[in-house]
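S.K.: One-letter residues, chain by chain:
Number of protein chains: 2
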Amino acid sequence: MQKHECRQHIRAQLDSVVDFWLKYSHDTVHGGFFTCIGKDGNIYDELKYVWLQGRQVWMYCRLYRTVDRFRKPEILKAAKAGGAFLRKFARVSSSSGQWKCAFCLTRDGKAVKVQRSIFSECFYVMAMDELSRVTEDQDMQVRAEPTKQDSVSVVIGFQTNKHLEAEQMMEQLIHWVRVDGSGLGRPQLPGDVPTNSMAVPMMLLCLVQQLSEDRRGVEQKYAELGSWCVQQILQHVQRDGAAILENVSADGSELPGCLGRLQNPGHALEAGWFLLQYAAERGDEQIQTTAIQKFVELPYESGWDKAHGGLFYFLDVDGHCPTQLEWSMKLWWPHSEALIALLMAYSQSRKAELLQSFFQVYEYTFSHFPDPAGGEWFGYLTQEGKVALDFKGGPFKGFFHVPRCLYMCERILDDLLASKE
Amino acid sequence: MQKHECRQHIRAQLDSVVDFWLKYSHDTVHGGFFTCIGKDGNIYDELKYVWLQGRQVWMYCRLYRTVDRFRKPEILKAAKAGGAFLRKFARVSSSSGQWKCAFCLTRDGKAVKVQRSIFSECFYVMAMDELSRVTEDQDMQVRAEPTKQDSVSVVIGFQTNKHLEAEQMMEQLIHWVRVDGSGLGRPQLPGDVPTNSMAVPMMLLCLVQQLSEDRRGVEQKYAELGSWCVQQILQHVQRDGAAILENVSADGSELPGCLGRLQNPGHALEAGWFLLQYAAERGDEQIQTTAIQKFVELPYESGWDKAHGGLFYFLDVDGHCPTQLEWSMKLWWPHSEALIALLMAYSQSRKAELLQSFFQVYEYTFSHFPDPAGGEWFGYLTQEGKVALDFKGGPFKGFFHVPRCLYMCERILDDLLASKE
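Top line first, the protein sequences correspond to chains A and B.
To convert a position in the first sequence, counted from 1, into the numbering used here, add 1352.
To convert a position in the second sequence, counted from 1, into the numbering used here, add 1352.
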């Protein structure tokens, strides 16, 4: 396959996926987005998952802001309505007096569930920051000047009537991760040792990159945090460089049991392209090399199912059977992340093997996940590649991984084709 | 197949399964049981899941107490060691000053995780009560005399140095379910409406039956609770009697969305045989008829996979795709529960169709789940019946559903064969 043909296909896919969500996901009564969307566009549940609300606001704004053909009033209007819904309903005060974001809301915004983790808040920050870039609303933005000398200090005890936007929520996230996580509501238990889970530094690095983009002052403010996130991610390189493990101890050593042996190839690949972006911004060749070898090539090789094709969801580094029931399923998002990671790694290194691997994942992905009849992609296949869950959106699948992948790949291919290599 | 041949096979299976756990699961250093046991008996994780610790103590004691060939010193010794481990380590004090049981402990008993539900405590009660029947230790037993007039009152503020045994934990469970669940630690949220989840009244009914067995005073004490549990279970008969739904509102009406439409055929069948036992104890023909028609025949018919055989894990009553990734997998425990439910329903009603259905499930179960090479049963198959997870024990699969099924079926077959019908 040629890069040109590939770009055309990806552009057409992105247009089609955007159309799907514009058509089916908007709640014109309460604002926000339906994300439980069946095979043919039917809404099979009205619950609003905050991760997905935040991600859709972010993705709409990013497309509106950076891609000419998506600079459409209906996209901006939907993003603003989604942002307003989040600002009005997502935040709930926790028992510690800090603000948590709900995990899930009713259609009209009543909190149903709060998770004891940081991710709802992360997607809230992503949404508010990107929305502020489109609307140029300073209230939503992060401020370049730190409020205190100590960049990890946190504003505690927010007034309930004051909008808590990207920066304040970001400071609270940093506080939970680096200073004191008790506000998340998990009981402290003697056997629950502090763990460095890949998702946490990955997500914070993503936020640092989001908040810092084209803002010199903010970049400086979060420089130390970005560097810390990278070091935390690099701690997941284990077994003398032979494996990426999803969970390690706080001091970067291997944890016992299933938790310690768990591998999540899609997550490692996603971390890979976050690291590649970080390396490119700084011209850091050492991080670039590590990212390509350890976070792109390694999880791609160990995660690929030689028998049936596709990337496994979970693996055990010692070859035991994972305890997650869905371990052998093929999910849309690891494939989305693999496409970005492999293409970005190729564009930075020009190693031909990486482009070959990209086309292998591309072939599997586009012959299995998209649904030409009903639009969008299926999300969940069996190990053998049969559709196992036939909805297009659900509690964890929204307008995010698919369009982000298509958007990123289109941009990288634009650059590659423009450079005429 | 003949009932006689079937009984011989089930007896041999039970002997073999007991041998497997006696051989591989005992932690002779710290007490308690390893439950993460691989295909060939290897321990792949040392965490101790409290549900499974309690269930194994219960099952060992039940076999020791009621089946002559299992009245062996090694079984009693292991049960006592498991009980001692639970008494020493399972209970953690919660922020409300009440006692919670941990969900998961390290090998040496340090709490790793506490769930915001009642089930660890339920299996603790089951274990302690059955153990007290074997050891005749009054401290562990429930007392026949209520501590207060009001049977749902609870002893709050236990002294930390005093053993909290079956009765006290039972009173706390009742308090959480019927009076005030705030001690479970879930934040109160406006969109989180009170729900009657099948598991809760089912589990409490199971405990009422456990605690009341052969104890007249206790039976009276919990009579009202048992009746309440039955009414709560019957609320799950929905759609004019055409479906059992897993979650209903507190007043017994259908809930919106995926939660409201969820069906769990294995759970409905398990509730079915709990109701059949309840009906038999009281000679209540109305409950017996409802149990057979609505909780045995109905979930068996709607839950059976006509294409590949076996019972689905989850279904949506309106035919939408469930959002649980594992919805179409075939798990060992719904099949275990179906075997008990169908055979018990047949033994009470002598309807030939129920015996035919029993043999259909029997055929599927014994041709798919047992592993003649490594012993015990596989727990998790794909929709098509291929082994998807090859371990014999895991975080949710211990020494419980398989031996309880074999034990119950052997006893029912003994009775059927003795009655020479």
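Warning: the hint list may mix true and false statements.
When chains are identical, the list treats them as one kind, so a pair holds in a single copy or across two.
Unchecked claim - As a list, the in silico DMTMM-like pairs of lysine to aspartate or glutamate whose alpha-carbon atoms are at most 25 Å apart:
hint: 1; residue 1: 1465; residue 2: 1392
hint: 2; residue 1: 1375; residue 2: 1489
hint: 3; residue 1: 1391; residue 2: 1637
hint: 4; residue 1: 1772; residue 2: 1379
hint: 5; residue 1: 1738; residue 2: 1657
hint: 6; residue 1: 1738; residue 2: 1670
hint: 7; residue 1: 1772; residue 2: 1592
hint: 8; residue 1: 1375; residue 2: 1633
hint: 9; residue 1: 1391; residue 2: 1736
hint: 10; residue 1: 1465; residue 2: 1544
hint: 11; residue 1: 1462; residue 2: 1392
hint: 12; residue 1: 1462; residue 2: 1532
Read the hints as simulated data drawn from the structure, not as lab findings.
Just so you know, these numbers come straight off a predicted model, no measurement behind them.
S.K.: Each hint should be assessed against the structure and marked as holding or not.
M.R.: Okay, the hints, checked on the actual structure:
1. 1465 - 1392: neither (28 Å within a copy, 40 Å between copies)
2. 1375 - 1489: Intra 27 Å, inter 67 Å, cutoff 25 Å: neither.
3. 1391 - 1637: neither (44 Å within a copy, 45 Å between copies)
4. 1772 - 1379: neither (44 Å within a copy, 65 Å between copies)
5. 1738 - 1657: Answer is both; intra-copy 14 Å and inter-copy 17 Å each pass.
6. 1738 - 1670: Result: close only across copies, 22 Å inter versus 27 Å intra.
7. 1772 - 1592: Cα proximity of residue 1772 and residue 1592: none, with 39 Å in one copy and 68 Å across.
8. 1375 - 1633: Neither: 37 Å inside a copy, 58 Å across copies.
9. 1391 - 1736: both (20 Å within a copy, 22 Å between copies)
10. 1465 - 1544: This pair counts as both: shortest intra-copy Cα distance 23 Å, inter-copy 7 Å.
11. 1462 - 1392: neither (28 Å within a copy, 49 Å between copies)
12. 1462 - 1532: between (28 Å within a copy, 22 Å between copies)
Violation of the numbered hints given earlier is confined to hints 1, 2, 3, 4, 7, 8, 11; the remaining hints are satisfied by the structure.
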